[in-house]
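Starting from the known structure of chain A, fit chain B onto it as the hints suggest.
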Amino acid sequence: MISIRTTINAFLSDLRSLMDRYSILAPSYADGVLDYRWISDPGQIVLNDELPYKSPKEAVFPRVEKILSIAEDAVGQIPDVRPMLIIGVKPCDITALKVLDEVFTGPVSRYPDPYYKRRREAAVIFGFGCAEKKRGCFCDIRGIGMSYSPESDAFIKLDGENLILDINSSGLDSLFDAFGGEKTEEPGRPEPENSCTVLEISADESDIFDTMPWEKYVEGCIGCGTCTYICPTCHCFEFRDTETDGVMSRYRCWDSCMYPKFTLHASGHNPRSSKKERFRQRVMHKYVYIPENFGLTACTGCGRCIRSCPGGINIRRSVEDINSRLGGANTVKGGSE
Amino acid sequence: MNPYIPFKAKILCVVQETTSAVQDVKTYTLAPESPIDFLPGQFVEVTIPGVGEAPFGFASSPHIKDTIQLCIKRTGSVTDAFHRLNEGDNIWIRGPFGNSFPMEKMTGFNLFYVAGGLGLAPLRPLIDLIYQPENRPNYRKINMLIAARSTKDFVFRYDYDKWASGPDTDLKLTIDNPEPGWDGLVGFPHNLIKDITFDIENTYAVLCGPPVMIKALSETFVEMGMPKDRILTTLEMRMTCGVGKCGKCNIGHKYVCIDGPVFSMAELDKMPKEY
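Line by line, the protein sequences give chains A and B. Residue numbers 1 to 337, in our numbering, belong to the letters of the first sequence in order. Residue numbers 1 to 275, in our numbering, belong to the letters of the second sequence in order.
There may be inaccurate statements among the hints.
[Said to hold, decoys possible] Below, simulated SDA-like cross-link-like pairs (lysine to any residue); rule was C-alpha separation at most 25 Å, straight line:
1) LYS141/B <-> THR79/B
2) LYS261/A <-> PRO49/B
3) LYS275/A <-> CYS224/A
4) LYS98/A <-> SER109/A
5) LYS98/A <-> ARG307/A
6) LYS270/B <-> ARG63/A
7) LYS10/B <-> GLU72/A
8) LYS216/A <-> TYR275/B
9) LYS270/B <-> PHE209/A
10) LYS215/B <-> TYR275/B
11) LYS66/A <-> PRO49/B
12) LYS261/A <-> THR79/B
13) LYS276/A <-> GLU292/A
If you're looking for bench data, these hints aren't it; they were derived computationally from the structure.
Just chain A, same shape as in the assembly:
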C-alpha cells in the first residue's frame, strides 16, 4: 500500500488545484450543522470527530435526479456527471455505499442501474475514521470498525499538522500524483478488531413476519419519513414526470416506505396500509430481505435514524428485541448505547 505523508495545509492546497477536474463533497458547517456539502474551497472542509448529519448518499443517488427527457418524439441525452472527490467519509458511510453498490449495480442486481453506476464510477472516496462512538451509534455491534475502512479509495489519518493518506485503490495514479509529500510503501492496515457479537437477524422472514410486536415498536411513529431520508442505505424511489413546452422530463425522487401512499394501488388497495406494516417493511428490508437477496445487512449502525426520530423509534432496540424473542443464540453482547 502506498502512503502519502503531507501536511494538512499542503493537502488542502493540492485539493484546490484539483477543483478544475473534480467537484468536492466534504464535511462542512453551515448554520452550525456539519454535513457533507459541495464545497467551493477546500478551506471549508472540516475533519473532526463529529458524524455528519446525513450520509454522502446524495452524491451517488441524488434526492431528485432527472433521468429522462422526451422532446419532439426523441429521447434526449442526460448530461454527463462531473468526477467527484468525496472527502472525509466515515467508515459507516463507506459500508453503506457497499450496500447501495450491491442493490444498484451488484452481480445479483439483474438490471444494473445506469444512473447510479455513472455517479458511483465518477466518485473517489477519501475515508476518515471516528475516534469515539457518538450517542445512538452502534457501528461496533454491526461489525464495522469506526477507525478505518479498507473499502475506501484512500483513507485519511491526521497527525498534528500532518496528514497521512493511505491509498487503497489502484488505477487512480493521475489523481494521487497530484498530492505532494513523501510517498512510502507501507504494509496494509489491518482491519480494526471487533470483539462484539454482530447484531443481525438470522431467522427466516416467516419466523418473524407475523410473530413480533411490530405495533409496539412503532407506537411513537408519526410517519414523517425522516428515518428513511436520513438513512445511508435507504434507496426507495418514485418517478415524477413534468411537461413544459412539449418537453417531458422524468425525475427519480427519493420515496419512503414509511409513507402510506408508497404502496397504494390505483384501485385503492394498499398492501401496507398501517404503520405496523410499514415499519416491519423498513426493519425487514434492512435486516432480512437485503441479507437474503444480496448477502449483507443494510444497516450500518450510524444511529442517524435513532437520533433524528421525533417519535423515539429505535431500530436497534427493535432488532435486539426480535432476537431476544427468537432465543438466546441471537442475543448480542457488548456495544454500549
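Here is chain B on its own, set in the frame of chain A:
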C-alpha cells in the same frame, strides 16, 4: 442497456371492451417503434407523456410480432389519460419485464384457465400462444371458465367462439347474477369448478382476477386435491421501476417485478401475506 429508456408505440386501434357503468375497459393495439420480444405473463411500463408511468401486462400473444395489445381499465391518472388517447396518438413503453408462465413445465398437462373480469387480459397471451399449431399438440385438454360481474363486463368476447371451437376445449362463461336471455352459468368460479369435470391429477390451473377470487379459487382447487405447484396466478403491485430497485412491489424478499408477476400457490405459501 438502460432499462429506464422507453421507446415509442403508435396506437393503431382502440376497442371498447365493456359496456357497463361500473367499469370502463378498452383494448389498445399498438405498433412499437422497434419489435418487442416478450413471453406470456410479462409486462411493460407505459408512459403517457406529462402524466406518468404505470405497469400493464401484455394482452396479446407473443407470436404476433408487429403489434402488441394492452387492455386498460380506467382507474387512476395514467389509465384516465390513456383512455383519452385515440388512434394515431403515441405512447412510450419500456420492457418487457418480469417472469412468465412456465410453458415447458406445463407441457403434457391439461390446462384449466379461470379468469375474472380484466384478469383475462394477462392470460390471453398464454391462451393464444398455446393455440398456435406448433404448440397445441404439447398440451392436453383445455378448460376455460371466464367470469364477469354481468354480461356487460366481459372482455375479449370476440375471442370466445374461436377459443371454444379450438381442439379439445371446453369454454364456459359465468356472471354473478342471472340476466334475462343469459344461457351461460351464474355464480362465482370457486363454486362452479366443483361441477366441471377435469383430470385433477394432471392439470395446471392458471388463475387471474380479483384477489378475493384468486383466494377462494385456489383454496377450492387445493381442497379438490390439486398440488399447489400446479396452481398458477399473476400478481399486481405498484411497480415503479420494473427492475427490482424502487422498493414498492416486494412481498417478503421477493420482488413481484423481477421474481414475478407469475407465482405458483406453492411459492405464495412461503411468502408473507402482504399483497
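We went through each hint and held it up to the structure:
Restraint check for LYS141/B and THR79/B: the C-alpha separation of about 36 Å exceeds 25 Å, so the hint is violated. The straight-line distance between the Cα atoms of LYS261/A and PRO49/B is roughly 22 Å, inside the 25 Å bound, and the hint therefore holds. Annotation: proposed proximity of LYS275/A to CYS224/A holds, straight-line Cα distance about 11 Å (limit 25 Å). A C-alpha spacing of about 13 Å is found between LYS98/A and SER109/A, which places the hinted pair at or below 25 Å, so the restraint holds.
At roughly 23 Å between alpha-carbon atoms, LYS98/A and ARG307/A fall within 25 Å of each other, so this suggested pair holds. A C-alpha spacing of about 35 Å is found between LYS270/B and ARG63/A, which places the hinted pair above 25 Å, so the restraint is violated. At roughly 15 Å between alpha-carbon atoms, LYS10/B and GLU72/A fall within 25 Å of each other, so this suggested pair holds. Pair hint LYS216/A plus TYR275/B holds up; C-alpha atoms about 23 Å apart against a cutoff of 25 Å.
Simply put, LYS270/B and PHE209/A have alpha-carbon atoms about 12 Å apart, close enough for the 25 Å limit, and the pair holds. Pair hint LYS215/B plus TYR275/B holds up; C-alpha atoms about 12 Å apart against a cutoff of 25 Å. Under the criterion of a C-alpha separation no larger than 25 Å, the hint pairing LYS66/A with PRO49/B is consistent with the structure, at around 15 Å. The suggested pairing of LYS261/A with THR79/B holds, with an alpha-carbon distance near 18 Å, which does not exceed 25 Å.
As the CA atoms of LYS276/A and GLU292/A are separated by approximately 22 Å, the hinted pair is consistent with the 25 Å bound.
Of the numbered hints given earlier, the model fails hints 1, 6; all others are met.
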